[in-house]
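Letter 47 of the sequence shown, counting from 1, is numbered 86 in this note's numbering, and no numbers are missing.
Think of the hints as simulated: they come from the structure by calculation, not from any bench.
None of these values were measured; they are calculated from a predicted model.
Treat the hints loosely; a few may be bogus.
[As the list claims (entries may be wrong)] Distance windows between CB atoms, simulated:
1) F43 x V68: 36 to 42 Å
2) Y171 x G97: 58 to 64 Å
3) K177 x R113: 51 to 57 Å
4) D179 x A118: 47 to 53 Å
5) R109 x K56: 27 to 33 Å
6) P175 x L87: 50 to 56 Å
7) T106 x L47: 30 to 36 Å
8) A67 x F169: 40 to 46 Å
[Unchecked claim] Calculated lysine-lysine pairs in the DSSO-like style (CA-CA distance at most 27 Å, straight line):
9) K99 x K75
10) K88 x K112
11) K99 x K116
12) K99 x K112
13) K42 x K56
We put the CB at the ideal spot given by N, CA and C, even for glycine.
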Amino acid sequence: MGKFTGGLEKWVQERDKRQKKRRQDASAVEFLSVKKDVTEAIEAGYSLKTIWEYLREGGKLRSTYETFRRHVKRFIKSAPKDQATTLAAKNETDTPASEKQQTDNKSEAAPKAEKTEIRGKEKLPGTGGFNYQAKPNKEDLI
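Turn these sequences into a full structure, and let the hints guide you.
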């Protein structure tokens with residue numbers, strides 16, 4: 040083996056040791072490990088760029104800023120929607136049956152949505168916008 044091929048072989052082996060394959064979701068795992076800290080920093084008023092730079096220099100994240108932003112959007116910004124439905128479902132299962140009956144009775148006792156008449160047209164409260172009627176009102180026609 041020549042000098043060149045011997046050096047090349049050694050270099051290839053060292054390169055393979057340095058280039059360990061990263062898992063595709065490694066950046067997500069790293070982000071989830073610091074999610075609580077990121078949430079606190081956002082609530083404290085720090086910008087995402089500042090938080091990312093701090094975590095990157097500290098060695099806690101290896102991802103790019105764009106990936107970091109994507110994880111913030113995915114795991115923090117959209118999380119309250121998921122948590123709200125989870126909490127509602129939990130409260131529903133934790134509520135005793137007698138309390139559920141009381142709340143059901145209260146909703147039944149409340150007056151149902153009444154229809155109000157405006158110029159001969161029925162309008163439900165709280166509904167606005169366009170209302171299509173197949174039969175035209177002759178008063179409205181020219």
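Structure-based check of all given hints:
no.: 1; hint: F43 x V68: 36 to 42 Å; in the structure: 41 Å, holds
no.: 2; hint: Y171 x G97: 58 to 64 Å; in the structure: 59 Å, holds
no.: 3; hint: K177 x R113: 51 to 57 Å; in the structure: 55 Å, holds
no.: 4; hint: D179 x A118: 47 to 53 Å; in the structure: 49 Å, holds
no.: 5; hint: R109 x K56: 27 to 33 Å; in the structure: 30 Å, holds
no.: 6; hint: P175 x L87: 50 to 56 Å; in the structure: 55 Å, holds
no.: 7; hint: T106 x L47: 30 to 36 Å; in the structure: 34 Å, holds
no.: 8; hint: A67 x F169: 40 to 46 Å; in the structure: 43 Å, holds
no.: 9; hint: K99 x K75; in the structure: 13 Å, holds
no.: 10; hint: K88 x K112; in the structure: 14 Å, holds
no.: 11; hint: K99 x K116; in the structure: 21 Å, holds
no.: 12; hint: K99 x K112; in the structure: 19 Å, holds
no.: 13; hint: K42 x K56; in the structure: 22 Å, holds
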